[in-house]
Amino acid sequence: GAVVSQHPSRVICKSGTSVKIECRSLDFQATTMFWYRQFPKQSLMLMATSNEGSKATYEQGVEKDKFLINHASLTLSTLTVTSAHPEDSSFYICSASETGVDREYFGPGTRLTVT
Amino acid sequence: GENVEQHPSTLSVQEGDSAVIKCTYSDSASNYFPWYKQELGKRPQLIIDIRSNVGEKKDQRIAVTLNKTAKHFSLHITETQPEDSAVYFCAATPGEYGNKLVFGAGTILRVKS
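Chains A and B supply the protein sequences, listed in that same order. When we follow our numbering, the leftmost residue of the first sequence carries the number 1, and every step to the right adds one. When we follow our numbering, the leftmost residue of the second sequence carries the number 1, and every step to the right adds one.
Chain B with its partners taken away, still in its complex shape (with noise of 0.2 Å):
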């Protein structure tokens, strides 16, 4: 089955710096690979997410990576703000509707001002 690792556990950034948060997956059939940010208390939200036939999307300040050789991808935050710390979570599927998603342990992200 898949196994997802993230790292690093928790990051803190001054405002306006750049975070990069590292996941690495086992599985060479997962195709479908989101980040979700989760406020304390509060549900998932997806971020961003990318498929396997492209290697780089943007969103404004969010990027994500995916390297399929290496079977690793990263989420980019660019011009951090303090409204961006909360946990970050990569996940990993299969894609195939219905396939669920195995999480990274998830990264505490603190933006100091």
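Excised from the complex, chain A in its bound form (with noise of 0.2 Å):
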């Protein structure tokens, strides 16, 4: 139990494009999904934490008009990258908490390159 995917794995882009990212629970309702971003070689920095039926909050210094995020179901979060630059390539990974629960689970995460 407690599978998160993440789609797609992998995106290259062009820089100035969008790009959408989803986030599932796939057996499991989860209120609040969290938003990461993880640099080579860094730890995990939380961007933003998506909450089902209501805004996102996001952290500081993450700007929340460049990602947008949409919690429309208890099992769909996406990440949309607006005007991509070189400088946001990353490697993405949402998270998912069964409600409830603490325990978090991660998705495989989304490899952006912006070229």
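If you are wondering where the hints come from, they were derived from the structure by calculation, not from laboratory data. Mixed in with the good hints, there may be bad ones.
[What the hints assert, rightly or not] Some but not every residue of chain B turned toward chain A, in silico, with C-beta under 8 Å:
no., residue
1, 101
2, 103
3, 104
Think of the CB as a built atom: it goes at the ideal place given N, C-alpha and C, for glycine as much as any other residue.
Make the complex out of the two chains shown on their own, each in a separate frame, by following the hints.
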């Protein structure tokens, strides 16, 4: 149980375009999902907390207009990187917690490369 | 807010030896402490976790200890194997559903055969 999927696993896009990443909890409902960014050889940096049915909560320094988060259902959250630039190239990972349980399970990650 | 420090940043051990990774946290309200293992290019995998109402938890070769007074917790891996080589992250959270995890910087563990 507690499986989280993420799609796509890899994406290459041109500078200035937008990319959407999906995060799904496959066998449980998740009121809250989290979006992280991880640069090579670094720890996971929380970008935002995605709340089903309400606005996401962004961490300090993360541009909410650039990283759009939508949590349309209890099993799906999406992250859209708008007007992507090469410095946005990174490993983006989502996580989800089963409602009422504090354990957090991670998706497989999306490797974004902006050329 | 919570701050988690993790040491060492790299750790090399001989196969069969034990490995210990230590973390400290700053927020005394934190009550849930998971450990994740991450292999290169893959997702972090939860390997063990502990809540503040216990001092130690063990799962086969892996154990975690928690000292609430000193605000530190440790991961112990016994009889290390080459497949234990990975990056290990500790984390802390107040534990209420939806509260974010605060991660340590990670420890690169290398098990030499």
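### Closest C-beta approach of residue 103/B to chain A relative to 8 Å, hint status
holds, 5 Å
### Query
With a cut-off of 8 Å, does the beta carbon of residue 104/B approach a beta carbon of chain A closely enough for the hint to hold?
OK, holds: residue 104/B within 8 Å of chain A, min 7 Å.
#### Entry: Supplied contact hint for residue 101/B, tested at 8 Å Cβ to chain A
holds, 6 Å
Checked against the numbered hints given earlier, the structure satisfies every one of them.
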